[in-house]
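Start from chain C and add chain E according to the hints.
These protein sequence lines are chains C and E, in that order. Per the numbering used here: the first sequence = residues 1 to 426. Per the numbering used here: the second sequence = residues 1001 to 1149.
Worth flagging that the hints you see were computed from the coordinates, not collected in a lab. Computed from a predicted model, the values in this text were never measured in an experiment. Check each hint, because a few of them may be wrong.
[Claimed, not checked] Straight-line alpha carbon distances no greater than 25 Å define the calculated BS3-like cross-link-like pairs of lysine-lysine that follow:
id, chain 1, residue 1, chain 2, residue 2
1, E, Lys1055, C, Lys127
2, C, Lys127, E, Lys1076
3, E, Lys1055, C, Lys130
4, E, Lys1056, C, Lys140
5, C, Lys127, E, Lys1078
[To be verified] Derived DEER-like restraints, expressed as beta-carbon distance ranges:
id, chain 1, residue 1, chain 2, residue 2, range
6, C, Ala386, E, Glu1111, 14 to 24 Å
7, E, Glu1111, C, Arg153, 23 to 33 Å
8, C, Met325, E, Ser1123, 49 to 59 Å
9, C, Thr128, E, Thr1110, 33 to 43 Å
[Unchecked claim] With the Cβ distance kept under 8 Å, some of the chain E side facing chain C (calculated, not the full set):
id, residue
10, Leu1045
11, Ala1046
12, Asp1049
13, Glu1098
14, Leu1102
15, Gln1105
16, Leu1106
17, Val1108
18, Glu1109
Where is the CB? At the ideal position from N, CA and C, for every residue including glycine.
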Amino acid sequence: MTKIDVHHVTRVEGHGNISVDLEKGKILKCQLAIVEAPRFFEAMLRGRHYDETIIVSSRICGICSVGHQLAALRAIEDAFNVKISEQEKCLRRLLNCGEFFESHVLHIYFLAMPDFKGVKSIFPLAKTNKDVVVHALNLKRFGHYIGGVIGGRLIHSTATDVKAMSKLPTKKELEEVLKRLHEAKEELKQGVSILKGLKFPAFERETEYISLQKKGVYASLEGNIYSSDVGEIPYKNYRDVVNEYIVDYATAKRAKHNRASYMVGALARFNNNGQWLSDDAKQIAQDLGLKSPCYNAYLNTVAQFVELVHVADDSIAAAKSLLNMDLKLEERSLTVTPGSGVGAVEVPRGTLYHEYVFNEKGIVTDANCVIPTGQNVNNIEEDFKALLPSISKKSQKEITLLLEMLVRAYDPCISCSAHMLDVEFV
Amino acid sequence: MSHTLILSIGNLLRHDDGVGPTVLKLLSEYPKPNVDYVNGGTDGLALIDLISSYKKVTIIDAVNMQMPPGTIKRFKPKDAKIHVKSDVLSTHGFGLVEVLDLLVQLGVETEIDIIGIQPKDISLGEGLSDCIRDCLNDVITLIAAPAQS
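Isolated chain E (complex conformation):
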């Protein structure tokens, strides 16, 4: 098992929600030693075991940060007030939010970084918005840079 996991979250069929898998595909074309690249899709529960089996995980995901589309932020789960919508939960509602919350509750010690990209359009359909496509290089550069703690 490698030490580091680069994990993408998101749905390629919802325009900019697919930014995570798109970045992951680009990164995995130039793999680094000791790093695994996994597309986590949209099934949150399966991620619990996956994340907890690594020392360090970088998650790439479209995140609604109330910022201009294309804004990129690197943050740790504790730096953000992540909204757990427990009262609207359905089976597929076990998303990343709930997984991150549960990992904390269960005392998992994996070091998690989130690379959040503010999407413009997450309606049904394929392809990224121009402003999101334009920021892909910056996302990749940020992932390559060491995390600021």
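Chain C on its own, in the form it takes in the complex:
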């Protein structure tokens, strides 16, 4: 009997355990358990004024803080029927670009890469592959920079506001953003050769791929839901898609739609919307051998890299548009009406939904936040079940690594923790 028990999976965000029992190739137990304590954000949001939802929900995650802010904004705009200007749309695209760089670079290089290099973290790589670490830090620096210029600070943007962005970049700053975007694209070209050198495990399991979709664009901040099984679904009907439920061995909610599981994230977006990637992103996908539809979840990491190229191109267009506008601080008027609103946005790890019910004073009476990782957990378990029979003859160590790599490929974001320095004087 082979028993795999990983408490906790490292190099992911938060705490999750893998428990697998195999007997003569037969799966007796196969679980990915999220064991973080529940965080009760939806309860904290109840009773808050609508403009506080952006600040409170942002704290759900330090990596996707902008995504939560934008989802909350979209929900408020949906509830109160607010239209946003082209200027605001372009600024949000740039802000989102910073977050995608921060998050995807962190995952590709700092969390996933060590497995392929046979080390436990990126730190030993600084000795053996210094160029890779410097390259990764350059890309990360760009994400930091753009988040600071557009959002006011690196994490938990202070500029995002229901009345429109409260801080505008100067012409000089936008020109610098544009310059750095071109530099980031050059840096990404170097990344192609690094990614080409990684040997991804061969594994395929077709599943239902879900993302936002808006024909003609690689949907990110607007659009309806698209399922590779059933096609378009209005974003307001997101509850019919996620169908959340719980299991007794984990604290995170799960989701399923048309079958036992579905996948969200970079690979789902690539499969559903790849035709609308920028030309350079399409070229790099081709160079890296990523073809749509792709059924190998390990290649989610490659899809993330392709998305970085697209996001950079999209931001170059947004920055150019902003440079041609006469930017003015806006103050949108907003009329509070009782009712509910749904915000659906693509964040680095997949489709994120926020829904709020407001009373006549604009106070939240109910809140629902559905995060991408919760939607992916079932799909990871289904991948385990499909993968295990073909690797059951490998050693326990090899099986464990392949399962851990699969979990990491989804870039799960489970929670946060605090750390302190531990020293011994020499």
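For chain E alone, kept in the frame of chain C given last:
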């Protein structure tokens, strides 16, 4: 850009882990010329660029030195065997330890001093323990004093 950075590390929501930000707040009320005061929070990776852009950095942090709570030590990264827990790394696990290690690997020449304070309680909750609050003046005096090399 100033030449010197006073950088605090730590989480105000974990009792004595908040000693760094608490000291920083007191220091920044009487700013010195050519010195920047930054609360580094708990995001380690963002610190790499920040630290490497200064000539001299003093880091104030709660440090487990296996000493009585409230003990203050000034040391350089090379003077201490700092434990890099690379096998338990998560995204937020890129703490100061890993940053210091990476800065050395990358050949960054910033002169770094660490003012370590032994905490008593780093469980969840606000406010410093009495013994930590009592040593704040000594921490500030030590930061003001020139480093012994």
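Okay, the hints, checked on the actual structure:
no., hint, verdict
1, Lys1055/E - Lys127/C, "holds (23 Å)"
2, Lys127/C - Lys1076/E, "holds (21 Å)"
3, Lys1055/E - Lys130/C, "holds (22 Å)"
4, Lys1056/E - Lys140/C, "holds (23 Å)"
5, Lys127/C - Lys1078/E, "holds (17 Å)"
6, Ala386/C - Glu1111/E: 14 to 24 Å, "violated (54 Å)"
7, Glu1111/E - Arg153/C: 23 to 33 Å, "holds (27 Å)"
8, Met325/C - Ser1123/E: 49 to 59 Å, "holds (51 Å)"
9, Thr128/C - Thr1110/E: 33 to 43 Å, "violated (23 Å)"
10, Leu1045, "holds (7 Å)"
11, Ala1046, "holds (6 Å)"
12, Asp1049, "holds (6 Å)"
13, Glu1098, "holds (6 Å)"
14, Leu1102, "holds (6 Å)"
15, Gln1105, "holds (3 Å)"
16, Leu1106, "holds (6 Å)"
17, Val1108, "violated (11 Å)"
18, Glu1109, "violated (15 Å)"
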